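As a plain string of letters, each chain reads:
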Amino acid sequence: MLGSYRAELLKLRKRSAVWVLFGAGLVLSLIFGYLLPYLGYATGDENPQTDGVPRAEILRGMLPERIMDNTIGGYPIFAGALALVLGAIVIGGEYTWGTLKTVLTQRPRRLTILGAQFLALGTMIALWVLGIFAACVLCSVGIAAAEDGSMSWPGVGDLLQGLAGGWLVLMMWCLAGAVLAVAFRNVALPIGLGVVWILGIETLLAGVVSSLLPGLKWLANILPGTNAGSLVFSVTGMAAADAPPGVRDAVSGDRALLTLLAYCAIFAVLAAWTTRRRDVT
Amino acid sequence: MDALVEVSGLTKRYGGTLAVDGVDLKVLPGEVYGFLGPNGAGKTTTLRILTGLIAPTSGTVRVLGGRPGDAAVLKGTGSMIESPAFYPYLSGLDNLRLLAEYAGVSRQRIDEVLELVDLTDRAKDRFSTYSLGMKQRLGVAAALLKDPELVILDEPTNGLDPAGMRDMRRLIRELGTEGRTVLLSSHLLGEVQQICDRVGIINAGRMVAEHNVDELRGEQELVVRATPKDTAQAILTRFGSVHQYDDTLRVQVDPAQAAEVNRVLVEAGIAVSELHTTERALEDIFFELTTELSTGEEKTDVG
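Protein chains in written order, with my numbering: chain C, 100 to 380; chain G, 731 to 1033.
If you're looking for bench data, these hints aren't it; they were derived computationally from the structure.
Predicted, not measured: the structure shown is a model, and the values here were computed from it.
Be careful, since some hints might not be right.
The calculated label-pair distances, taken between Cβ atoms and stated as ranges, are [claimed, not checked]:
1) G:Glu842 / C:Asp353: 53 to 63 Å
2) G:Ser858 / C:Lys316: 45 to 55 Å
3) C:Thr380 / G:Glu842: 24 to 34 Å
4) G:Ser858 / C:Asp353: 25 to 35 Å
5) G:Ser861 / C:Ala233: 26 to 36 Å
Quick look at which bits of chain G chain C covers, simulated, 3 or more residues with Cβ under 8 Å [to be verified]:
6) 783-793
7) 798-806
8) 826-836
9) 984-995
Glycine included, every Cβ here is placed at the ideal spot set by N, Cα and C.
Could you put the whole structure together from the sequences, leaning on the hints where they help?
Structure representation (structure tokens):
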């Protein structure tokens, strides 16, 4: 298992697409978490984006005390979509390049290889989370120093909880991409379907259910995106008014955590069952 | 002698199509076994079953005494099935490094196999920049990485230039002389004739022949063109049975006696204008067997 894990890490480490996705997530986090708010803050009350929001409040949103909001606030939607793409290209690439047969004719069993792939993806997702966190730390500290803001930080427990919650959200979307790639033995179709689901269908469903079909609220509340947003809302403790798209208190944090764990388990088991049984042609 | 590969009544059905139909096959230790057949005959499907990539519909398959796909069996088997497939963004060296990680093989062995297939100089280049022949050689290097007892190669000379084909033939022969068992699938009949000990011929999913190469090609004959033909025929009967074929006489005799036959004919005043040995090429037998079956019974398609 250790050898397979090392092999999977080598593949991820040397694949430029993995780092491009990470770079996209990092840049988007910094743009929406710091650059745009800072421009709003710097341009003052004349800026329509900050209309009605006190400048002090905008600044507070960029200081170290709100570090987790900016680190994982975008995970349920845009970083989640990038994680789904990661899962789809890593697992789907084995089918499109035909490398699955090369790997499966080495020594380890199929499920060992799939397990090593998931473990390596989990490691890479952890690196993404820590990388984005480190960049957010630098930005928060820089802004706090420049604007003479508060340097108070959330407690270590809150930080760890936020990072773990963010990792779980991204891992769930990554496994969703992986299971779609196994199902379709492809890269493009899983990415297309997955991204449309994250960026469009879930948001649309939530809107329709809340405005037209309140009786179907239970259905909206079991969807992966809803639970990802609820977990992020819970672990950051952000105010509803400050919440970015996709982050809301639809269900409790505990329920969101269990639902996301269940999704991870379902996606992993489905991928394993299919990989184990299917002919590699 | 226990067979390293033993297949009995192997069948693989895809929906209504029978890709492999009751194949029996036996590969003995230390031999180079040629697996011949036209495109779509079921060769690659059979090899995929032997490597555990696909499950048979019915029949029994034993490889190295175990079930295909088991860790112990895979450990002793090196294979290249269909076209060589590697990660295009990695170098040849990195591709082998990660396969070595999966298989638990030392770094030193990577250098050895790269040297063996003459890829050391280009090992650090990306796989996507390799020519077809280099990709093929990397595939063979990967198959040999585990220092396997059984090597399964599916069309290993595809895409190679004549020099590359010659090198590959030499390499396969060396594998055989090293005591490894090689199962080689090919449609290049001359190649199989040169390097294989035994061949199995598959057509439309069915095994139509499995023999020692020499047995399959039958006895050799001496072809004689001489005048006067009747007198020559009378003399030649002393050496073996004679029959006429076109303008020549065919004598079933040990080819080592060709000089003696020539001397006797010339001393008898017969003008010999042609004298050489002949043997049926594997190609002739292959076409006889595959055409016979194709015209007689088409591949079963119940769909």
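Comparing the hints with the structure gives:
Separation of Glu842 (chain G) from Asp353 (chain C) is about 56 Å and conforms to the stated range, judged on CB atoms against 53 to 63 Å. In this structure the hint that Ser858 (chain G) and Lys316 (chain C) lie 45 to 55 Å apart at CB holds, the actual value being about 51 Å. Separation of Thr380 (chain C) from Glu842 (chain G) is about 32 Å and conforms to the stated range, judged on CB atoms against 24 to 34 Å. A beta carbon spacing of about 48 Å between Ser858 (chain G) and Asp353 (chain C) contradicts the range 25 to 35 Å that was offered as a hint.
Hint check: Ser861 (chain G) to Ala233 (chain C), Cβ distance near 43 Å, so the stated range 26 to 36 Å is violated. Requiring three or more residues with a Cβ within less than 8 Å of a Cβ of chain C, the coverage given for the region 783-793 of chain G holds, as 3 such residues are present. Look at the region 798-806 of chain G against chain C: 4 of its residues bring a Cβ nearer than 8 Å to a Cβ of that chain, three or more, so the hint holds. Under the rule that three or more residues need a Cβ within less than 8 Å of chain C, the assignment of the region 826-836 of chain G holds, with 7 such residues.
For the region 984-995 of chain G, the assignment as covered by chain C is violated, since 0 residues bring a beta-carbon within under 8 Å of that chain's beta-carbons and 3 are needed.
Going down the numbered hints, you'll see the structure goes against 4, 5, 9, while the others check out.
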